[in-house]
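Take the given structure of chain A and dock chain B to it, following the hints.
In case you want the letters, here they are:
Number of protein chains: 2
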Amino acid sequence: MPRTPAPVSLVSSFEPFRIGVAGLGTVGTGLVDLVQKNGDLLMRRAGRGIEIVSVSAQNRKKDRGVDLSGYEWVDDPLVMAQDPRLDVVVELIGGSEGFARALVERCLENGKAVVTANKALLAHHGQALADLSVKTGAALAFEAAVAGSIPIVKVLREAFSANKVSSVCGILNGTCNYILTEMRETGRDFADVLKDAQDKGYAESDPSFDIDGIDAAHKLALLSAIAFGVHPDFGRVHVQGIRHLSADDMDFAGKMGFRIKLLGTTRKINGRIAQSVTPCLVPADSPIGAVDGVYNAVFVESDCAGSSLLVGRGAGAAPTASAVAADLVDLARGTKMDVFGFPQTSLESAQWADAGEAVAKFYLRLNVADRSGVLADISRILHRHGVSIESMIQHARDLRGPVPLVMVFHETLQKDMEAAIKEIEMLESVDKPSCLMRIEML
Amino acid sequence: MPRTPAPVSLVSSFEPFRIGVAGLGTVGTGLVDLVQKNGDLLMRRAGRGIEIVSVSAQNRKKDRGVDLSGYEWVDDPLVMAQDPRLDVVVELIGGSEGFARALVERCLENGKAVVTANKALLAHHGQALADLSVKTGAALAFEAAVAGSIPIVKVLREAFSANKVSSVCGILNGTCNYILTEMRETGRDFADVLKDAQDKGYAESDPSFDIDGIDAAHKLALLSAIAFGVHPDFGRVHVQGIRHLSADDMDFAGKMGFRIKLLGTTRKINGRIAQSVTPCLVPADSPIGAVDGVYNAVFVESDCAGSSLLVGRGAGAAPTASAVAADLVDLARGTKMDVFGFPQTSLESAQWADAGEAVAKFYLRLNVADRSGVLADISRILHRHGVSIESMIQHARDLRGPVPLVMVFHETLQKDMEAAIKEIEMLESVDKPSCLMRIEML
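First to last, the protein sequences are chains A and B.
In short: position in the first sequence from 1, add 97, done, that's the working numbering.
In short: position in the second sequence from 1, add 97, done, that's the working numbering.
It is possible that part of the hints are untrue.
Remember, identical chains collapse to one label, so a pair may be satisfied in a single copy or spanning two.
[As the list claims (entries may be wrong)] Derived DSS-like pairs (lysine-lysine); straight-line CA-CA distance at most 27 Å: (1) K433 / K261; (2) K352 / K134; (3) K158 / K519; (4) K433 / K232; (5) K365 / K134; (6) K134 / K261; (7) K365 / K292.
Just so you know, these hints were derived from the structure itself, not from any lab.
Same shape as in the complex, but just chain A (with noise of 0.2 Å):
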């Protein structure tokens, strides 16, 4: 059939889009990878091949089993910053300071457009990476710094964007993620199957950063920017990790028909954000307690759109990598977008909820003498906090040795719920530390 000549004014598109590479480590190499396996891809949507030009990292010996000989290397990335053929430069090299946070700053400071996804960078230091973006007119795109593959970045910036927000709530760590659904499905304690899951290569030889919720906080902090209009503001996360979770645990949520996943949430309480990081239950047989394995998933609820869930890989060389060129496709079509999705200008300093003053169910696990009079002494308190149990589970195991108890509550203010068990804890019959967590009716 006939078709419809391009315009002419369209021509100069036609340039292929030129790009460097800092840092080729996982994503880095996937990148390369996808470049090379998807090119005549990238050039149809984007109406432009998508070129890389240069290439950086530390060690230009190790083989990486991607061929780097097209392109030129770079040793210093900073000269990147310089090149007058770039379009943008991709810091893929990691970490809130050092080569990532130069490379960024000396990018943006030349007017040259910057694709990233390093979550610890823009935790720490978006806002004014941002200013300088709007400064210079550099573009500065991150959708592969939130959770792999995950659109959650473009979803609350263009898919929401007529949509107050009141909560967006995450599984934002596929290493976690792997550790409870393992926990979960062999019944072994956290530390086995840390183990393993550092041998199969799913967590760091330091997994700190991942297990105690670093990582997924930094996630969290641009989700609340981009939510809410608001700076981002890392150090305003409560953080909890997964390393005081007991195979126990695992297996009391399930009896009562939960699955414990570590949620980001950022959430408005009259009007004031509450961001955390806590080990959270969710109903098993909601879509994302069905949420296993490395799988992320990130749950929004806002005013029209009302409950979305978006599920996917959160990690790895070929998800973070296709996050990665989306910018980079979106840039070379010529889309520009306000770096958190708002005009910076317009971002507002966040007014900061007291986790106390949410509202939620909960879940809590005592460790109890075994007699009698225990359950009424604990009963009194709850009562006296206004706690109301839901459900309850108590197993007779040893005679001699504290036994679990475990409890559900109707919804109750955090406050009062974490003064009864402060006041609970003092009790002689009950062993610390016990184990609270929130249930979120997802």
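Just chain B now, with coordinates in the frame of chain A:
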């Protein structure tokens, strides 16, 4: 802290973005409500106000529960196509012909941008309209046409732009999903639940577009175009609705660990595309298996991002208006996209696959005489066609009448499966019709 002032060159973008709304049914009224309620947010997100200039509908007198007094009333929507004040016309009249088609054509011919939620129009005339859009440079956006508030158009077009998509599979009709969920939860039969859904407003008085799969097929044809870069072709969707499903099927599927969903699937099979809308089984404990009631879901399989799932409200005033408004904000921000996410001239005419070439697991319910020898006959036929049984349920319920015999098969070529069933149905001991469904291991 000091703020960088906006560059002077951006001042012109503070002109409001002016729209005309044609059609004031559920979605049109919802859009007016959204613009009134969230006007400040739209202004912040877009960097400029979204202003309704004029509205049009059949009946001016009708009370729609929103204040229309601030807008110009236009009796003939076609007038909007010529109105130089309007940046975009929002077509929410519906239907593949008549006023809706005339208005969209007229707008595009005149270089006026169009935002629409009209899947029927685009499924039938999308290619011609996209050609018009290229010819005059007028944008044509339709996020709201597919899966309500789920931003699947944007996600396929932009977020997964670097991915070779292998399949898109979705619960695309909320009415059907509501009916199937009710049938499962209450054990009632189709007709009974449909009646109830009509009383509650979840199903139209003439429900055939929904329950016979036509509505989902319209949406699926659009998803094929965006996922694979082909001309949309509604005529090549194999369509089967949900009228024939029995309460027994819901029950048996559940006993075998599955749930029944009406799935729209478009998939590449050896480079060819197969499109179908049919009831399918999905694992009950998968994220998509947990998508119940009026929710929609879309599952995307692609080479880099891997498996992705989006869940959200598929219909209703506010969720659909949210999607319309997202398109408006994109246009107000200056983002312009190819109609189907590829330059229109690069869209290909698809090679269509023979559905029989698909390999899948299957569910089969037969109604058989409850006597010895029947199973041997059936097994012999299955064996001859290379079809192997994975599990089976047989209940003796009535010694005189036929009893259901339910089987789940290992992966099989669909045409082998169908050939075997054809032969089985010719057995004197087997009653027609049997019920065959594909199992999607999403």
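Comparing the hints with the structure gives:
Taking the shortest Cα distances, K433 and K261 sit within 27 Å of each other both inside one copy (22 Å) and across copies (24 Å). In this homomeric assembly, K352 and K134 never come within 27 Å of each other (Cα to Cα): the closest approach is 47 Å inside a single copy and 44 Å across copies. In this homomeric assembly, K158 and K519 never come within 27 Å of each other (Cα to Cα): the closest approach is 57 Å inside a single copy and 63 Å across copies. Proximity of K433 and K232 under a CA criterion of 27 Å is satisfied in both settings, with 15 Å inside one chain copy and 24 Å between copies.
Taking CA atoms no more than 27 Å apart as the test, K365 paired with K134 passes between copies only; the shortest distance there is 18 Å, against 43 Å inside one copy. With identical chains, the CA atoms of K134 and K261 are at most 27 Å apart between copies only, with a shortest distance of 10 Å across copies and 40 Å within one. For a Cα distance limit of 27 Å, the shortest separation of K365 from K292 qualifies neither inside one copy, at 38 Å, nor across copies, at 40 Å.
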